[in-house]
Amino acid sequence: MRHWIEKQRYIIDFTISSLLRRKVKNFGLLALYTLIVFILASTMFFTYSIKKEASLILKGAPEIVVQKIVAGRHDLFPVSYIDTIKKIRGVAAVESRLWGYYYDSLVSANYTLLTPPSNGGAADTAQSSAKITVVESESGGQPVKPLFELGGAVLEPGTLIIGNGIARLRNIGKGDYMPFRAFDGNVMNFRISGTLSSQSELVSSDLMLITGEDFRKLFGIGNSHVTDVTVAVNNPSEVEMVASKIRKRLPEARPIIRDEILRTYDSIFNWRGGMMIVIFSAAVLAFVIFAWDKASGLSAGERREIGILKAVGWETSDVIQMKFWEGAMISLTAFFTGVILAYVHVFFTGSLVFEPALKGWSNLYPNFELTPFVNLEQLTTLFFLTVVPYTVATIVPIWRAATIDPDSAMRFTGE
Amino acid sequence: MSIAIMRNSSLFFLYITSGAVLLGLLLVHASFSESARQENLEEKAKLVKMLKLTDLCLFTEARYTRHLSQADLNTAFQDHPLSLEHFPSGSFTQPPERTSERP
Chain S
6 MRHWIEKQRY IIDFTISSLL RRKVKNFGLL ALYTLIVFIL ASTMFFTYSI KKEASLILKG
66 APEIVVQKIV AGRHDLFPVS YIDTIKKIRG VAAVESRLWG YYYDSLVSAN YTLLTPPSNG
126 GAADTAQSSA KITVVESESG GQPVKPLFEL GGAVLEPGTL IIGNGIARLR NIGKGDYMPF
186 RAFDGNVMNF RISGTLSSQS ELVSSDLMLI TGEDFRKLFG IGNSHVTDVT VAVNNPSEVE
246 MVASKIRKRL PEARPIIRDE ILRTYDSIFN WRGGMMIVIF SAAVLAFVIF AWDKASGLSA
306 GERREIGILK AVGWETSDVI QMKFWEGAMI SLTAFFTGVI LAYVHVFFTG SLVFEPALKG
366 WSNLYPNFEL TPFVNLEQLT TLFFLTVVPY TVATIVPIWR AATIDPDSAM RFTGE
Chain V
426 MSIAIMRNSS LFFLYITSGA VLLGLLLVHA SFSESARQEN LEEKAKLVKM LKLTDLCLFT
486 EARYTRHLSQ ADLNTAFQDH PLSLEHFPSG SFTQPPERTS ERP
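Residue numbers (the numbering used here), protein chains in the order written: chain S, 6 to 420; chain V, 426 to 528.
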C-alpha cells in the first residue's frame with residue numbers, strides 16, 4: 006500500500022511539473038473552470054436559499070386570495086361579492102384587503118400601499134420579537150379606526166408606517182412628512198409615525214402602511230369596493246374545493262390559493278426561465294468546449310511527452326494515471342475554489358455579482374441577507390456536474406494516445 | 426518542513442485538504458446561521474401573516490414582478506397588445522401558477 010501511495014505521489018509530482026511547464030494554458034483553463042463553478046454554485050446557493058426562505062416566510066400567506074378579473078386584468082372587488090363567498094360551505098372567514106401601488110416620481114420608485122387588516126392576528130403578534138401589537142378601536146360594535154402599533158408607532162389617519170427601503174431611499178424617518186398626489190390632483194401630506202424593521206426588508210422594503218380611510222381618499226376608491234379579499238377555510242383539505250366553488254359562483258373572480266403562491270416562488274429563478282437558461286447555457290457551452298478540447302485529442306507536445314515517457318519505461322497504465330491526476334487536480338482545485346468563493350459571494354457579500362441584474366430598473370431594492378440553506382446534496386450535485394465530466398473527458402483521449410507506439414509518438418513534430 | 430522544500434504532491438494535498446476543511450466549516454456555518462436566524466425568519470413569517478402579505482419584495486420595478494403570485498394573466502402585454510415583456514426582472518421569473526387556466 007505504501008509503495009502504491011509513494012508511486013502516486015511521484016506521478017502527482019511529475020504531473021504538477023508538467024502542468025507548470027504550460028503555465029499560461031493551464032492557469033487560463035483553471036481560471037475559466039473556477040469561474041464556471043463559481044457561477045453555477047452561486048446560482049445554486051442563491052436560488053435554493055431564496056426559494057427555501059420564501060417557503061418558510063410565505064407559509065402564513067392567506068389560504069385563498071380572490072381577485073376580480075375584468076378583460077383579463079385585475080379589477081377592484083365589489084364588497085357585495087363578500088356575502089356570496091361567505092355563503093359557501095367550508096368558508097370560515099372572508100376579509101377584504103386594500104392595497105395598491107404609488108409611483109414616486111421624485112425617486113422613480115414604486116411603493117406598495119397597504120391597509121393593515123382590522124383584525125390582524127393580535128394574539129400571534131403579541132409574542133413577536135418585533136414587539137408588534139395590533140389594537141382595534143371599536144365604536145358601536147363596528148371597527149371604525151383600526152390602530153396599528155409598531156414599537157410605539159401608532160397608525161392613525163394622516164400617518165404612515167413605512168418600510169425600511171423607503172426610509173433609506175428617501176432618507177426620511179419618524180416624524181417626517183411625505184407628500185402624495187391624490188387621484189384628484191390634490192396633495193396629501195402624511196406624517197411618518199414609524200418604520201418597519203430592517204430585518205423584515207425581504208417582505209416589507211417598499212411597504213407603506215396606511216389607514217383604510219386615507220387609502221380611499223388617496224386613490225378615490227369608494228366604500229363599495231376593495232382591492233381583493235382573503236378567504237380562510239375551516240378544513241385545509243377543502244381549500245381547492247372552496248376555490249372551485251368561488252369560481253363557479255363568481256365567474257369573474259380569480260381565486261389564488263396559498264399552494265399556488267408557494268409554487269410560484271418555488272419556480273422563481275427556475276432554470277428554464279429567461280436569464281437562468283442563458284447563464285446555464287453559457288456554463289454548459291464552456292464546459293462542452295473544455296471537454297471537446299480534451300476529447301478531440303492531444304497537442305503534439307503532449308503526444309511527444311507521452312512517447313518519451315513510454316520510451317523511458319512508463320507503462321500505459323502509468324500514463325493514464327498521470328492524466329487522471331491531471332484532470333482531478335484541475336477540477337478539484339476549481340471545484341473547491343469556485344464553491345468557497347460562491348458561498349462567500351452569496352452569503353457574505355449579498356450576491357454582489359448578481360445584484361445589478363437583480364435590481365433591474367428599480368431604484369428601490371431590499372437589502373437582505375439570505376439565510377444560508379446549503380446542504381451536502383447541493384454540493385454533491387455540483388461535484389458530479391463539474392468534476393466528474395471533466396476528469397472523464399481527460400482520460401478518454403489519453404487511452405488512445407497512451408497505447409500508441411513511442412517511436413511514432415516522438416516522430417510527430419510541430420506543436 | 427517549510428513550504429519551499431515541500432513536494433508538489435504535498436502542496437496539492439495540503440490545498441485540497443484545506444479546501445475540504447474550509448468547505449466543511451462553511452457547512453457548519455450554514456447550519457449555525459440557519460438556527461441563529463430562525464427568530465428573524467419567524468418575525469418575517471409573522472409580519473406576512475399579520476398583514477396578509479402574499480409576496481416577497483424582490484423586484485419593485487413592475488407590479489407583476491412585485492407581486493408575482495398576484496399578477497394578472499396578460500402581464501406580458503401590460504401596456505398595449507404588442508408591448509412585450511421588457512423589465513429585466515421578468516427574465517428571472519416565471520408567470521404565476523395556473524396562468525394557462527381560465528380565471
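Bear in mind the hints are in silico, worked out from the structure with no lab data behind them. Heads up, some of the hints might be wrong.
Label-pair ranges, simulated between beta-carbon atoms [said to hold, decoys possible]:
1. S:PRO411 x V:ILE441: 49 to 55 Å
2. S:VAL293 x V:PHE457: 36 to 42 Å
3. V:ARG432 x S:LYS364: 46 to 52 Å
4. S:SER304 x V:SER460: 48 to 54 Å
5. S:ILE409 x V:ILE441: 27 to 33 Å
6. V:LEU436 x S:SER110: 58 to 64 Å
7. V:ARG432 x S:SER286: 26 to 32 Å
8. S:VAL289 x V:ARG432: 33 to 39 Å
9. V:GLY449 x S:SER304: 24 to 30 Å
10. V:ARG432 x S:LEU290: 35 to 41 Å
Pulled from the structure, derived: some chain S residues nowhere near chain V, Cβ distances all over 10 Å [said to hold, decoys possible]:
11. PHE32
12. HIS79
13. ARG94
14. TYR106
15. LEU119
16. GLN204
17. LEU207
18. SER209
19. SER210
20. PHE224
21. SER304
22. ARG308
23. LEU314
24. GLN326
25. ASP410
Just so it is clear, CB atoms sit at the ideal spot from N, CA and C, and this is done for glycine as well.
Can you give the numbers of the hints that this structure goes against, from lowest to highest?
-> 1, 7, 9, 12, 14, 15, 16, 17, 18, 19
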